[in-house]
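Asker: Listed here are the chains, written in short residue letters.
There are 4 protein chains.
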Amino acid sequence: MVRVGILGAAGYTGGELIRLLINHPEVEIVFANSESNAGNKVYDVHEGLMGDTELVFTSEMPFDQVDVVFFCFGHGKSEAFLKEHSIPANVKIIDLAQDFRIKGDHDYVYGLPEIHKEEIAKCQHLANPGCFATCIQLGLLPLAKAGLLTKDIAVNAITGSTGAGQKPSATTHFSWRDNNFSVYKLFTHQHLHEICQTLNELKPAEAPHVVDTLDEGYEAEGVTVDFIPYRGDFARGIFCTEVVTLNQCPVENDIVALYKNFYEGAAFTHYSDKALDLKQVVNTNKGLVHVDVFGRKVVITSMIDNLLKGAVGQAVQNMNIMFGLDERAGLNLKASAF
Amino acid sequence: MVRVGILGAAGYTGGELIRLLINHPEVEIVFANSESNAGNKVYDVHEGLMGDTELVFTSEMPFDQVDVVFFCFGHGKSEAFLKEHSIPANVKIIDLAQDFRIKGDHDYVYGLPEIHKEEIAKCQHLANPGCFATCIQLGLLPLAKAGLLTKDIAVNAITGSTGAGQKPSATTHFSWRDNNFSVYKLFTHQHLHEICQTLNELKPAEAPHVVDTLDEGYEAEGVTVDFIPYRGDFARGIFCTEVVTLNQCPVENDIVALYKNFYEGAAFTHYSDKALDLKQVVNTNKGLVHVDVFGRKVVITSMIDNLLKGAVGQAVQNMNIMFGLDERAGLNLKASAF
Amino acid sequence: MVRVGILGAAGYTGGELIRLLINHPEVEIVFANSESNAGNKVYDVHEGLMGDTELVFTSEMPFDQVDVVFFCFGHGKSEAFLKEHSIPANVKIIDLAQDFRIKGDHDYVYGLPEIHKEEIAKCQHLANPGCFATCIQLGLLPLAKAGLLTKDIAVNAITGSTGAGQKPSATTHFSWRDNNFSVYKLFTHQHLHEICQTLNELKPAEAPHVVDTLDEGYEAEGVTVDFIPYRGDFARGIFCTEVVTLNQCPVENDIVALYKNFYEGAAFTHYSDKALDLKQVVNTNKGLVHVDVFGRKVVITSMIDNLLKGAVGQAVQNMNIMFGLDERAGLNLKASAF
Amino acid sequence: MVRVGILGAAGYTGGELIRLLINHPEVEIVFANSESNAGNKVYDVHEGLMGDTELVFTSEMPFDQVDVVFFCFGHGKSEAFLKEHSIPANVKIIDLAQDFRIKGDHDYVYGLPEIHKEEIAKCQHLANPGCFATCIQLGLLPLAKAGLLTKDIAVNAITGSTGAGQKPSATTHFSWRDNNFSVYKLFTHQHLHEICQTLNELKPAEAPHVVDTLDEGYEAEGVTVDFIPYRGDFARGIFCTEVVTLNQCPVENDIVALYKNFYEGAAFTHYSDKALDLKQVVNTNKGLVHVDVFGRKVVITSMIDNLLKGAVGQAVQNMNIMFGLDERAGLNLKASAF
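Protein chains in written order, with this note's numbering: chain A, 1 to 338; chain B, 1 to 338; chain C, 1 to 338; chain D, 1 to 338.
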């Protein structure tokens, strides 16, 4: 059994992580840390857990009793936490925030199993990818690796309200969001950093560099990911289209084969021969991808559940890989479908 | 032209009132008061008004230039405002809050046109009914007047999220409310006061008194309105059922005739021969009522748009009556239907 | 391993059953029968199964290779099927339709585990309860057994659109149902039969009989279940309130204790000390129940997922009991929560 | 008073047209034709009209008593109808279907008032634009006229379910569509024809031709409108983004000024300085447009209500122009906002 500690356990992702881990056959939750909820039952804070667990929040952090710690803090707090607390070297860390996703002066591996499975298996510290970033990368990885990203990429991605977190706000007010639709952070979403990092890492040396439009001095030249995020009026899921213009008209079957081969061994990401709709992945850890070709343009549809494959589901998948467990352990979730 | 001033114009009901009044053929908005938004365009605060009006919020309150003032404050603030400000005696007041709905040491008329049209026409000060209260009363008035409310009344009413106001909260968070359903304040909703007041006012002398379950010392004896409010996952509207048990089995047609006659002259409340669905009234000032009979039990369905017939639409209807205008002026609203 | 055959496997409940059974640790699906889809992959028909199973529909029905058959037909077809086909006596049958729910000239046990666990464990043929019926009974069982149902019972129950089945219709059209609300079959829903059967079976001999308002000659006298079903604008779940008027004012704690004791050993039905909201049970096999007391009136809130505890989840629970498995096997579902 | 006849009055757009026209100050509805509903009250078929009109459907078509006829048929039926029926030359025709939108052997004017107001004022026969086509054109017209459409245009447009019409189908089933999201007809939507026709008509001679990707022999070269339509889980409205890559980096203010000037005199289409959300236009006849600039890329957001500005609202606007009425007559609709 993998002994697990959870920091930020009373938050949004903390709750979803507990919902997963209580049914994981190889996991024991040793502590669910929350200063403000210490002593409260987990099911009093997180919906849907009554009758499933008698787990109680604790203000303690007994790192010596666990094999892995999940950081379910808000963005920017992981780094701060590590400066103030000492976690034993043998305890693995899985960070759900964006603090260590960009390579730098740290040893965190970017946890996208579709391309980094071997590094993940060996790593001690893992940075779990962002939700938009995961979905968009799943759509672009095969073309990136094949060196076909040679022109600007039009990315449109619609997210559910759970992507905005737990705190009530004007744009998550039901009266506003119900039957509404809007854009935000167009061309400037922070996930562009990790997307560009991966695309450049994966591409053949001769393929052109992908320019990060968030970087200073950007002037809209070079290959760019033109990313427009939308707020949808649904709770869970991210639905993306990515349009890539190739240098020449491809054969549709070749592109489909490229995708099928790329995801052949993936535990949760699959190529679908049919057009997609979001509820096929909601409440599962899956990524589904579909491709259409028009002249020189390849139109990819990709989708995930933002809280699962886009957050804690992928974190558990990474934990499974890090501990040599079956990659699907604890993640055979019933699709809600309706 | 009726010259109108609006207090609390930057709030929820203030916005909906402006949306109505800018198209009212007999109204001129003289001022839309908001301390915090003074100088801002109204369409910058209230959705859907761009291109319709260049009205600007003001911090002033020139009462001498208006014929009527609408109070769009939160509950409890109308009374406080009147203590601190002096409004000329010739300026009429329409208060949308609950401060003066219950009879007492004041001259406010309870503005339910279906029963108080004559008093409204003559009054200087008007208390606009609550949203649940309006919908439930429309369902019960004919039976009350006929003295048929002789046993407990089971009332179930589902409200949209706009009933909860503008301020974001846990139960109006889209991620929570979307596809969700819940109860609140069961048997203890504050609108019971005005409902009971009306039912007792309207009933024949010999019919039993309706007991207000919110009053101290209540022990569930006597005729009571057993009111269960629900939070629905829609934005606008209130849908009610009221089950009344008669002393004897009635003839269904007699009950239907009672309702049809009662609402024959009503400008916005109609009896429908067919079963109802909420979107028939959404975005209109209508009340629709339908009746079924089973043995001794009469099951009434009643529904309104909570922001219109349940708030500002009814307020404008009252204004029309108070100023001798066509009762429907400015209220011939296109039903949204979908 | 329990070897399972599914009839009507391409239908709505058939799909949800497959979604459950592919993850059930003690089950092997031997055949998923569908004449019209024979040869098609299950994931081409049922959303959310891509990557989870390569199961293919078959037109065959090898009853000699299975231990149990699930009937996922529409109502009325189970009886017809049995007249035309011979199922070996040693093969158990779980019927999800209403054909055998009412006692009569057959040996089907009514499969509500909260009251019939022993009979279920021994039975060969099982009639799985209806969705509304399950939810309403969970709310009323403790009072019924205690003999406290002595006056009319006001039941209001809101169902999601999946309760209306797969076939598109006017009242399941998104343009109509979105943000809409309506009633149907008020006082005449067919589930009243099984509800009344249970309440009368469970009550002490001296307690008054519950009259089935659907029976001929009903005149609204006696204890009745006054059931108003509503169509909610959500996809999954049933949310009920039941108001029971007692002969005397009870002590609230006594009523709460009655409920807690009644459901103490239940695998999926729990008493909640806090008010309920529907998404606590959506995508799970749980029933949650809560009680408030006002004077002589007991207000119960009960809720389930209509497709799981209200249909196939309860069917699998019953199968577990019939085969001596852990009652929760295959039913430790992650709550969707959002 | 303009005397109006409506063909196809029992259909979807027929109903919305009646909802508008009964409140139009200069219109008298002479006949609302429907073979199958002849004799039925209009409010028995179309939601939201009870109490507003006693209009009855008729099987007759007294063309000699009207000034204008609205064709509310499905696509393709207008042409067939005209072959079988004779409409007096002095009776104007407004066709809501796509039959005459593309120029050819007919005298129908394409009724987009933002560019064709003079032709509309003089025309006898009018083809009302499509919903997607209207929204996308409003986003692109200023750039097209300025000759700035010199590279491929990425268009993403999300439509509500009412765009799919009245007939229930798999993709309008509430259980499927609720909280779901999907694409359809990507790069092949039929509205591309009218969009390309307008863009080429409006552009300066020297600007490159826009290629219609639906035309035979298309090979993805030339300026194209790369249009991806999405099904949103809301009932009303279309929300679009259009990304146009210019030859050089523009000054943002210049682009904004281009848009403001272009729409300065428009009755219903406005430039918004702030980011848009769909409910600002729902239940109104407005088009709202907003622009952002990133390097050489111009990102336009445009939106309308698909049933109003995208169908019958625009048809009434065109009627107003054709008869010399105030362009906004009957179209000062209260925004629903929530």
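Rather than coming from a laboratory, the hints here were simulated on the basis of the structure. Bear in mind the structure is a predicted one, so any value in this text is a computation, not a measurement. Some clues are possibly wrong.
It does not matter which identical chain is used: a pair holds within one copy or between any two.
Below, computed lysine to aspartate or glutamate pairings styled on EDC-like, alpha-carbon distance capped at 20 angstroms [unchecked claim]:
hint : residue 1 : residue 2
1    : Lys260    : Glu216
2    : Lys167    : Glu206
3    : Lys260    : Glu54
4    : Lys274    : Asp44
5    : Lys117    : Asp107
6    : Lys151    : Glu264
7    : Lys122    : Glu47
8    : Lys83     : Glu28
9    : Lys117    : Asp64
10   : Lys167    : Asp254
11   : Lys122    : Glu54
12   : Lys151    : Glu118
13   : Lys145    : Glu118
14   : Lys185    : Asp212
15   : Lys145    : Asp107
16   : Lys41     : Asp273
17   : Lys83     : Glu114
18   : Lys151    : Asp44
19   : Lys167    : Asp105
20   : Lys274    : Asp107
21   : Lys122    : Asp105
22   : Lys77     : Asp105
23   : Lys260    : Asp326
24   : Lys77     : Glu114
Asker: Hint by hint, note whether the structure agrees.
Answerer: Hints, one by one, checked against the model:
1. Neither within a single protomer nor between protomers do Lys260 and Glu216 lie at most 20 angstroms apart by alpha-carbon distance, with minima of 37 angstroms and 30 angstroms respectively.
2. When the C-alpha separation of Lys167 and Glu206 is checked against a cutoff of 20 angstroms, the pair qualifies neither within a copy, at 45 angstroms, nor between copies, at 53 angstroms.
3. For the homomeric pair Lys260 and Glu54, the shortest alpha-carbon distance between copies (16 angstroms) is at most 20 angstroms, but the shortest distance inside one copy (43 angstroms) is not.
4. Taking identical chains as interchangeable, the C-alpha atoms of Lys274 and Asp44 lie at most 20 angstroms apart only when they sit on different chains, with a minimum of 9 angstroms there against 42 angstroms within one chain.
5. Taking identical chains as interchangeable, the C-alpha atoms of Lys117 and Asp107 lie at most 20 angstroms apart only when both belong to the same chain, with a minimum of 16 angstroms there against 55 angstroms between chains.
6. In this homomeric assembly, Lys151 and Glu264 never come within 20 angstroms of each other (Cα to Cα): the closest approach is 27 angstroms inside a single copy and 36 angstroms across copies.
7. In this assembly of identical chains, Lys122 and Glu47 lie within 20 angstroms of each other by CA distance neither inside one copy nor across copies; the values are 35 angstroms within and 35 angstroms between.
8. In this homomeric assembly, Lys83 and Glu28 never come within 20 angstroms of each other (Cα to Cα): the closest approach is 27 angstroms inside a single copy and 51 angstroms across copies.
9. When the C-alpha separation of Lys117 and Asp64 is checked against a cutoff of 20 angstroms, the pair qualifies neither within a copy, at 27 angstroms, nor between copies, at 45 angstroms.
10. Proximity of Lys167 to Asp254 under the C-alpha cut-off of 20 angstroms is found in neither arrangement, the shortest distances being 46 angstroms within a copy and 38 angstroms between copies.
11. In this assembly of identical chains, Lys122 and Glu54 lie within 20 angstroms of each other by CA distance neither inside one copy nor across copies; the values are 34 angstroms within and 32 angstroms between.
12. For the identical chains of this complex, Lys151 and Glu118 are neighbours neither inside a copy (30 angstroms) nor across copies (42 angstroms), given an alpha-carbon limit of 20 angstroms.
13. Only within a single protomer do Lys145 and Glu118 lie at most 20 angstroms apart by alpha-carbon distance; the minimum there is 17 angstroms, versus 55 angstroms between protomers.
14. Proximity of Lys185 to Asp212 under the C-alpha cut-off of 20 angstroms is restricted to the intra-copy arrangement: shortest distance 15 angstroms within a copy versus 31 angstroms between copies.
15. For a Cα distance limit of 20 angstroms, the shortest separation of Lys145 from Asp107 qualifies neither inside one copy, at 24 angstroms, nor across copies, at 54 angstroms.
16. Taking the closest pair of Cα atoms, Lys41 and Asp273 come within 20 angstroms of each other only across two copies (13 angstroms); inside a single copy the shortest separation is 45 angstroms, beyond that limit.
17. For the homomeric pair Lys83 and Glu114, neither the shortest alpha-carbon distance inside one copy (31 angstroms) nor that between copies (53 angstroms) is at most 20 angstroms.
18. For the identical chains of this complex, Lys151 and Asp44 are neighbours neither inside a copy (51 angstroms) nor across copies (35 angstroms), given an alpha-carbon limit of 20 angstroms.
19. In this homomeric assembly, Lys167 and Asp105 never come within 20 angstroms of each other (Cα to Cα): the closest approach is 32 angstroms inside a single copy and 43 angstroms across copies.
20. Proximity of Lys274 and Asp107 under a CA criterion of 20 angstroms is satisfied in neither setting, with 40 angstroms inside one chain copy and 42 angstroms between copies.
21. Taking identical chains as interchangeable, the C-alpha atoms of Lys122 and Asp105 lie at most 20 angstroms apart only when both belong to the same chain, with a minimum of 18 angstroms there against 65 angstroms between chains.
22. For a Cα distance limit of 20 angstroms, the shortest separation of Lys77 from Asp105 inside one copy, 17 angstroms, qualifies, whereas the shortest one across copies, 57 angstroms, does not.
23. Proximity of Lys260 to Asp326 under the C-alpha cut-off of 20 angstroms is found in neither arrangement, the shortest distances being 22 angstroms within a copy and 39 angstroms between copies.
24. For a Cα distance limit of 20 angstroms, the shortest separation of Lys77 from Glu114 qualifies neither inside one copy, at 27 angstroms, nor across copies, at 47 angstroms.
Checked against the numbered hints above, the structure breaks hints 1, 2, 6, 7, 8, 9, 10, 11, 12, 15, 17, 18, 19, 20, 23 and 24 and satisfies the rest.
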